[in-house]
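Those sequence lines, one after another, are chains A and B. No gaps in the numbering here: position 150 of the first sequence is 150 in the working numbering, and each next residue is one more. No gaps in the numbering here: position 34 of the second sequence is 34 in the working numbering, and each next residue is one more.
Mixed in with the good hints, there may be bad ones.
What the hints assert, rightly or not - Example chain B residues on the side facing chain A (calculated, C-beta under 8 Å, incomplete):
no. : residue
1   : Pro50
2   : Arg142
3   : Arg146
4   : Asn147
5   : Gly149
6   : Val150
7   : Ala161
8   : Arg163
9   : Arg166
10  : Ala205
11  : Ala262
12  : Pro265
13  : Ala320
Everything labelled a hint here was simulated from the structure, so no lab data went into it. Note that beta-carbon positions come from the ideal geometry of N, C-alpha and C, so glycine has one too.
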Amino acid sequence: MKDITCTLLVIGAGPGGYVCAIRAGQLGIDTVIVDAGRPGGTCLTVGCIPSKALIHAAGEFDALKRMASGKSDLGIRAANATIDLGITTAWKDGIVARLSSGVSSLLHKARVKIIHGKARFRDGKTVEVETETGLQIIRAESVVIATGSEPVELAALPFGGPVLSSAQALSLTQLPNRLVVVGGGYIGLELGTAFAKLGSQVTVVEAMAQVLPAYDRELVQPVMRRVSERGIKVMTTSKAIGLSPRGDALVVEERGERQELPADRILVTVGRQPQVTGFGLEDLDLDRAGPFLQIDDRCRTSMRGVYAIGDVTGEPMLAHRAMAQGEMVAEIVAGRNRGWDSRCIPSICFTDPEIISAGLSPDDARSQGIEVKVGHFPFAANGRAMTMDDEDGFVRVVARADSHLVLGLQAVGAGVSELTAAFALAIEMGARLEDIAGTIHAHPTRSEAVHEAALRAMGQALHL
Amino acid sequence: MGEFTIKMPDVGEGVAEAELVEWLVAVGDPVREDMAVAAVMTDKATVEIPSPVSGTVVWLAGEVGDTLSVKAPLMRIETSGIDDTPVPPDTPQEKGAPVDSMTAAETPKEPAACAPLSPPALSPARLPPAAPGKPLAAPSVRLFARNNGVDLRQVRASGPAGRILREDVEHYLAAATDATSARQPLAIKTAQEAVKLTGLRRRIAEKMVLATTRIPHITYVEEVDVTAVEDLRATMNRDRKPDHPKLTLLPFLMRALVKAVAEHPQINATFDTEAGLLTRFSAVHIGIATQTPAGLTVPVVRHAEARSIFDCAAEIGRLAEAARSGTATRDELGGSTITISSLGRLGGIVSTPVINLPEVAVVAVNKIAIRPIWDGTQFVPRKMMNLSSSFDHRIIDGWDAATFVQRLRTLLETPALIFMEG
Chain A
1 MKDITCTLLV IGAGPGGYVC AIRAGQLGID TVIVDAGRPG GTCLTVGCIP
51 SKALIHAAGE FDALKRMASG KSDLGIRAAN ATIDLGITTA WKDGIVARLS
101 SGVSSLLHKA RVKIIHGKAR FRDGKTVEVE TETGLQIIRA ESVVIATGSE
151 PVELAALPFG GPVLSSAQAL SLTQLPNRLV VVGGGYIGLE LGTAFAKLGS
201 QVTVVEAMAQ VLPAYDRELV QPVMRRVSER GIKVMTTSKA IGLSPRGDAL
251 VVEERGERQE LPADRILVTV GRQPQVTGFG LEDLDLDRAG PFLQIDDRCR
301 TSMRGVYAIG DVTGEPMLAH RAMAQGEMVA EIVAGRNRGW DSRCIPSICF
351 TDPEIISAGL SPDDARSQGI EVKVGHFPFA ANGRAMTMDD EDGFVRVVAR
401 ADSHLVLGLQ AVGAGVSELT AAFALAIEMG ARLEDIAGTI HAHPTRSEAV
451 HEAALRAMGQ ALHL
Chain B
1 MGEFTIKMPD VGEGVAEAEL VEWLVAVGDP VREDMAVAAV MTDKATVEIP
51 SPVSGTVVWL AGEVGDTLSV KAPLMRIETS GIDDTPVPPD TPQEKGAPVD
101 SMTAAETPKE PAACAPLSPP ALSPARLPPA APGKPLAAPS VRLFARNNGV
151 DLRQVRASGP AGRILREDVE HYLAAATDAT SARQPLAIKT AQEAVKLTGL
201 RRRIAEKMVL ATTRIPHITY VEEVDVTAVE DLRATMNRDR KPDHPKLTLL
251 PFLMRALVKA VAEHPQINAT FDTEAGLLTR FSAVHIGIAT QTPAGLTVPV
301 VRHAEARSIF DCAAEIGRLA EAARSGTATR DELGGSTITI SSLGRLGGIV
351 STPVINLPEV AVVAVNKIAI RPIWDGTQFV PRKMMNLSSS FDHRIIDGWD
401 AATFVQRLRT LLETPALIFM EG
């Protein structure tokens, strides 16, 4: 097979890699992208997109169940709500297929060459790919490592049998009656809630004292209320020991006491780790930052001409961070002067209700010695929240006390994920409380709570 | 509501026209009675013109650098019963106004709104941003800075809460361009800048041309032993009363000049070329050439013949300060009958001073240096100073010039003569 020589080689077609390749192609760079799987990576095929599909389906089904139970305040009554998880999964797979082929066509449109197969480094600028038709050698002037991350496997609970990774949990066609989720981070809580809504009996086992440890207590509280309303059992400061001898229960140790939690399936979501082994990366001997590849503000690794982007470079392991890095690296390779200078990377937890955060929390700011003004506005005082029959949660704004510069915005509530755009924009633009207060927010929307939170931080709330 | 026209006032001394050096208001600005609205310059002085009424500026006569004749309309003001009437944002342009005034009309109406856009008000200096941590700037501004190689931490912010605006980066770039070229001393430079001569600089240029083309200069240099007068000066400074100013050599020269011109009256005179008229003065008004930030001016110590040494010194100090700060009046900047030019330590050995038209003589003081002088038996160190003097050769013959300077020399070398009466 004839060797390929190109300017830019991207290894991994996840959100970081494919965005990098598309932009590079648009800029006229001779680009090749390699991935063993379908274009889209974890996010598109086994992460963000399929999980959101499942969460949506679960939410719809849950709403229908409430109607069927005769408890709906809206006066809607239904009977015998059922769900066929096989069809749900097929619907989800359809979305994934559409998006993945969309990515392929975007790559083609940008004249990026796609090579299917597992890549392996020969040296920093040469990669061999095992394709269906043989070994393909690719030589490149610049290489981008965008190999992503994979779920962390517990030694005591290896994946397989009843033990599922998040990816496997998204492809179930049979609903488990009893599901134990090990790890109360955002993935565990999102999926645990979805399965509970679909009808599973769910228990969440978390080693720390609080689930969703990435968010402060105030933001987590409304989620915890819903979790207990749904009958999800949460065990904190508890450790998963292993499967019971018969394989139908999880042995859990809570403050020294062991007990067995009967389980049909055990979902392990104890975190993700960078994919840095198995493709010759070890031989390149790149500098590391813990388990991750070390990069500078231009995503350069310790080897000239070798870049790394996305989950392989560290926290936060978020698709939108990877995409921004990918776009930046493509422009750097095109000779433009670029560097990482984003002020915030918004994060979302698609629990029920959703939690979002951009910038600093009040505690973050105070720990940096900044005197802050904090404004809350509850959705209980928001008209749109009432009309959507979901008033839980609030919007919170954190600003410097002296200049009113907005340092952070957080919210918890139904559908607040869409507010992240406004939050991030405010922070990137250097908005002050007065800027948010002086912006007309459309009525009736949940976004009015952002306006009110800013007003309230200045002691001028109108609707409270 | 009415309209009031401010006319170019008669700025005195037969001046027929004056140059506009600064508009202190723009079209649309409110003015109060007695507020200065414009600065005009005659060949003598810069005069601020006050508004006799309150109202709103609706029209300006021209742009800075224009010359306007006396009594010509300078500015129109819409007057109203109430002061501080809010200014309508779109004041109509006066019909028939010169095209020049368009520039003024386009000045933003609201001074506050244009504040960040006015580079002179902001120091482009490398000041730290107000807030710690990452510089506060919108993503588009960050990209602009990056594309231009600007470190935003070095840019001074003019936006709210220390926000860096695109304009701030532009100002920084404009300032940095100069600094960068200064760091590369061997780089080829191709930039050139055309600067229109206005105001004082133009006056100086015109006057120098007139003086050097009309007056046939004769320059005569003589050295003066100032050891004695310097000793006397040191003693007088040491023993002076607290309210007395510290003496330089200049007041001694002025008093010597008063004595010398008394014996050479045609040297303390002005010559009107057109009329062919020489005017001799009994008063000695000594112009003192003074460097100011704007350029050379000549404040005048009037009636030096009636002033003591200390009085002369005090007056020089007062006038020099007034000239430098731009507060000297028209009277203080004109009417001299003879001029002294002194550059102090920068005095050099010889200079060829240009006569301050319409005078006929100028005396330049060169630097004092200790030199070995043969006293008949040996070389002795003496404090020596040259006087370089120019005369209008139409009026002053070489002989007269020489005897005048020799008289000055005698007076300075034997300073007791300066203080002798009669």
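Status of the hints after comparison with the structure:
Interface hint status for proline 50 (chain B): violated, as the beta-carbon distance to the closest one in chain A is roughly 40 Å, over 8 Å. Against a cut-off of 8 Å between C-beta atoms, the interface hint on arginine 142 (chain B) holds, since the closest Cβ of chain A lies about 5 Å away. For arginine 146 (chain B), the interface hint holds, since its Cβ comes within 8 Å of a Cβ in chain A; the closest pair sits about 5 Å apart. Interface restraint check: asparagine 147 (chain B) against chain A, minimum CB-CB distance 6 Å, threshold 8 Å, status holds.
Of the supplied interface hints, the one on glycine 149 (chain B) holds, with its beta-carbon coming within about 7 Å of a beta-carbon of chain A, less than 8 Å. Of the supplied interface hints, the one on valine 150 (chain B) is violated, with its beta-carbon coming no nearer than about 11 Å to a beta-carbon of chain A, more than 8 Å. Restraint check, alanine 161 (chain B) versus chain A: the minimum CB separation of about 4 Å is within 8 Å; hint holds. Checking arginine 163 (chain B) against chain A by beta carbon gives a least distance of about 4 Å; that is within 8 Å, so the hint holds.
A cut of 8 Å between beta carbons decides the hint on arginine 166 (chain B): the least distance to chain A is about 13 Å, and the hint is violated. The beta carbon of alanine 205 (chain B) is not positioned within 8 Å of any beta carbon in chain A (closest approach about 47 Å), and the interface hint is therefore violated. The beta carbon of alanine 262 (chain B) comes no nearer than 72 Å to any beta carbon in chain A, farther than 8 Å, and the hint placing it at the interface is violated. For proline 265 (chain B), the shortest C-beta to C-beta distance to chain A is roughly 73 Å, which exceeds 8 Å, and the interface hint is violated.
With its C-beta approaching chain A no nearer than about 46 Å, alanine 320 (chain B) sits outside the 8 Å limit, and its interface hint is violated.
Checked against the numbered hints given earlier, the structure breaks hints 1, 6, 9, 10, 11, 12, 13 and satisfies all the rest.
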